[in-house]
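Colleague: The primary structure of each chain is shown beneath.
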Amino acid sequence: MQTILIGVGILSGISAVLAIVISLCSIKLRVWEDPRIDEIVAMLPGANCGACGFPGCRGLAEQIVLRRAKPASCTVSSEDGRESIAAFLGIDAGEAQKRVARLLCAGGTDVAQRRVEYRGVESCAAALAVSGGGKACSWGCVGMADCAVACSFDAIYMSRTGLPLVDPDMCTACGDCVSACPQGLFTILPLEAHLLVQCKSLLEGVVATAACAVACNACGRCAADAEPGLITMQMGGRLPVIDYDLVHLESIEAIKRCPTGAIAWVEGAQFAGMDEPSARLGS
Amino acid sequence: MRSTFRHGVHPPDSKALTAAVPLRRMPYAAEVVLPLRQHAGKPARPVVRVGDRVQRGDVLAEADGFVSSPVHASAAGVVKAIGLWPHPDGTLSDAIRIAVDPFNPQIPRPRMVPDWNGLTPPEVVKAVQDAGVVGLGGAAFPTHVKLAPPKDIHLESLIVNGAECEPYLTTDHRTMVEYPERVHFGVRIMMRALGVKRAVIGVERNKPDAIERLRATLPPDLDVIILPLTVKYPQGAEKMLIHAVTGREVPSGKLPMNVGVVVQNVGSIATIAEVFETGLPLVERIVTVSGPGVRRPSNLIIPVGTKVRDILEFCGGVSADATEVVLGGPMMGTAQPNLDVPVTKGTTGVIVLTRRDTPRFETLPCIRCGSCLEACPVFLNPSMLGLHAQAGRYEEMESMHLADCMLCGACSYVCPSAIPLSQMFALSKTALKKARSKVVA
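Chains W and B are the protein sequences, given in the same order.
Note that this note's numbering has the first sequence beginning at -19, numbered continuously upward.
Note that this note's numbering has the second sequence beginning at 1160, numbered continuously upward.
Same shape as in the complex, but just chain W:
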């Protein structure tokens, strides 16, 4: 009996001492954290997509509290959500510039030449690892939906012609498709930017259009017709590149003489009205 009591006594003693040490530490070493951060995290969508440029929703919340970021940085929140955060902190919600993912290829199976039948792992990256995919163009969309699988917001679905269509309302510009595409065909652009070169082919002239009817044949008309400096022929004069810093200079003049339709004027959804979604992936 006594042995047990000694044991209990010693252990109680040790735990009492440790309890005091811990409680002292928690007072002495306390790190004050702004309670508003937790409140704001609760108001953010919790997608942790990283589209704001900060490490997850909590990272953005910390920056908002420190006034280093505006609530508008969150592209996933609704207008109401952003306003409520702004009202909670008594600050301005900021201008939200809506940005979306744009595809730099228009070569669906209806216009792009197919050179072989590909059999193997159903993935763009896998098809490229073997012999460059089934299409005649080496730069174009492979059409096996690596981007649609990667998208966590169900914003990408494949069209009947095998091109990924981005729903601008669902797209949060998180950039997952940009890193998923093995051809590097996605880019994140402001919704207000309308001019878009929907081709990355470095071929020229009839060689380019033989591979794909909507390929850029490097004629340079768009660069000549646009405001000086907006569009320049790069990659050795083989591809027009739009300087989006000068996007305020853009006008529909630039696309009027394009012989193939490789440069497009996009409002809202890309390839709008091209066709109905064949199937929504993910969900």
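Bear in mind the hints are in silico, worked out from the structure with no lab data behind them.
Hints may contain errors.
Claimed, not checked - Listed next, with one range per pair, are the computed distances between beta-carbon atoms:
hint : chain 1 : residue 1 : chain 2 : residue 2 : range
1    : B       : D1311     : W       : S159      : 38 to 44 Å
2    : B       : K1413     : W       : I2        : 48 to 54 Å
3    : W       : G248      : B       : K1413     : 53 to 59 Å
4    : W       : S159      : B       : T1493     : 23 to 29 Å
5    : B       : A1479     : W       : G209      : 53 to 59 Å
6    : W       : E13       : B       : M1543     : 40 to 46 Å
7    : B       : K1310     : W       : V227      : 56 to 62 Å
8    : W       : V227      : B       : M1543     : 48 to 54 Å
9    : B       : D1223     : W       : D14       : 53 to 59 Å
10   : W       : D134      : B       : T1517     : 35 to 41 Å
Unchecked claim - One side only, chain W facing chain B, incomplete, derived with CB under 10 Å:
hint : residue
11   : A109
12   : G112
13   : G113
14   : G114
15   : L182
All C-beta atoms, glycine included, are put in the ideal place defined by N, C-alpha and C.
Given the coordinates of chain W, assemble chain B onto it according to the supplied hints.
Modeller: Here is chain B on its own, set in the frame of chain W:
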């Protein structure tokens, strides 16, 4: 000597189509296309301009660094264009196109033939690089790099790879039967350059005439063993061959020179001999044109850069039911999407397969039968690796020694569920390389 390795598969060797067909020289096509990237390592740098007139054997592009190889004109003519052209790997890649002069006798400019006996090993390395010699067994690794081992490496022997384990291919076979003296001369030069006293030529037993010819012509002063090997795929893989010949295993992530040997393909050896016999750089190679879909299966000496279309035309065209043209062997070669691709220095064969050889398999789930584990020559677990690959868990694959996989395709060959394992591994390797380059950048 055990004459084989453990595991492996036994595909039908299908070599009877061309094994006894003597070598023929293919006439020059109207145009040859020479990609700047025909070897492992950095692409060559062009030194000619459009419109330049070149003779056979002239340098078109020079090596860019040590692990690179120059490209020489394989025919006399005029440089027509320098630009993108379909490459056997499926992409478009920079290439020099030469319009062949039909009235040119195709005699190379007179040149100095280096006296191999008077050269120091570094001079031999230089001569081999300048001749643009790369591994002719398929991987096209620059040969001179293997001739210049680091100082702390002690080399014991040279192993000459005459296994030729890929089905259909008979290029090395014909080289050994028709040019055995050249093989021996090449071995002599290589042994001197490497400073080794011993050499072994490994030949699979399905080539008895090659073994006999090599033995009959062996000079008495040359210490070379001609070793018959068991017929099994992938017997010609470098590390498998070393195991078969020496019984040693090359450790994971190490090179053959770490176990004291250097392996060279028999075709490369013969080419080196040719360089020191005639002074002519690597401008032509032996290619097997075979398969059930080709009308006249042949072994041809072809100028590098000749288009596959021209080669098939020369061999009587393809049969009506031909479905697939493969460059290299059917196990590791790549199916070609475009017949305008040129034969490069690393192309061992042009194989035309028919509908019967390329049935459509439906990929079924893995049934954990373990056939792939029995087949894998480097003792990996392809079944487990395949599951990881499907889930995109590439880091875990790396810790399961994906780097040791040489994409021989033995696992895909035996898989009863027709899972494209080796394609998945190729993809995983690319993904890992991409991820690593991002970390560095």
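Colleague: Look at each hint and say if it fits the structure.
Modeller: Quick rundown of the hints versus the structure:
For D1311 (chain B) paired with S159 (chain W), a C-beta distance near 42 Å keeps the hint of 38 to 44 Å intact. A beta carbon spacing of about 53 Å between K1413 (chain B) and I2 (chain W) agrees with the range 48 to 54 Å that was offered as a hint. At roughly 58 Å, the beta-carbon separation of G248 (chain W) and K1413 (chain B) lies within the given 53 to 59 Å, and the hint holds. Between S159 (chain W) and T1493 (chain B), the C-beta spacing of about 27 Å keeps the proposed range 23 to 29 Å intact.
Range check, A1479 (chain B) to G209 (chain W): about 57 Å between beta-carbon atoms, so the 53 to 59 Å window is met. Taken as a hint, the range 40 to 46 Å holds for the pair E13 (chain W) and M1543 (chain B), whose Cβ atoms sit roughly 44 Å apart. Remark: the range hint 56 to 62 Å for K1310 (chain B) to V227 (chain W) is upheld by a beta-carbon distance near 59 Å. At about 50 Å, the CB distance of V227 (chain W) to M1543 (chain B) agrees with the hint of 48 to 54 Å.
In this structure the hint that D1223 (chain B) and D14 (chain W) lie 53 to 59 Å apart at CB holds, the actual value being about 57 Å. For D134 (chain W) and T1517 (chain B), the Cβ-Cβ distance of about 38 Å falls inside the hinted range of 35 to 41 Å, so the restraint holds. For A109 (chain W), the shortest C-beta to C-beta distance to chain B is roughly 4 Å, which falls under 10 Å, so the interface hint holds. The closest approach between the C-beta of G112 (chain W) and any C-beta of chain B is roughly 3 Å, which is under the 10 Å cut-off, so the hint is satisfied.
Taken as an interface hint, G113 (chain W) checks out: its beta carbon lies about 8 Å from the nearest beta carbon of chain B, inside 10 Å. At about 8 Å, the closest approach between the beta carbon of G114 (chain W) and any beta carbon in chain B falls short of 10 Å, and the interface hint on this residue holds. Using the Cβ-Cβ criterion of 10 Å, the hint placing L182 (chain W) at the interface with chain B is satisfied: the shortest such distance is roughly 7 Å.
In this structure, none of the earlier numbered hints is contradicted; all agree with it.
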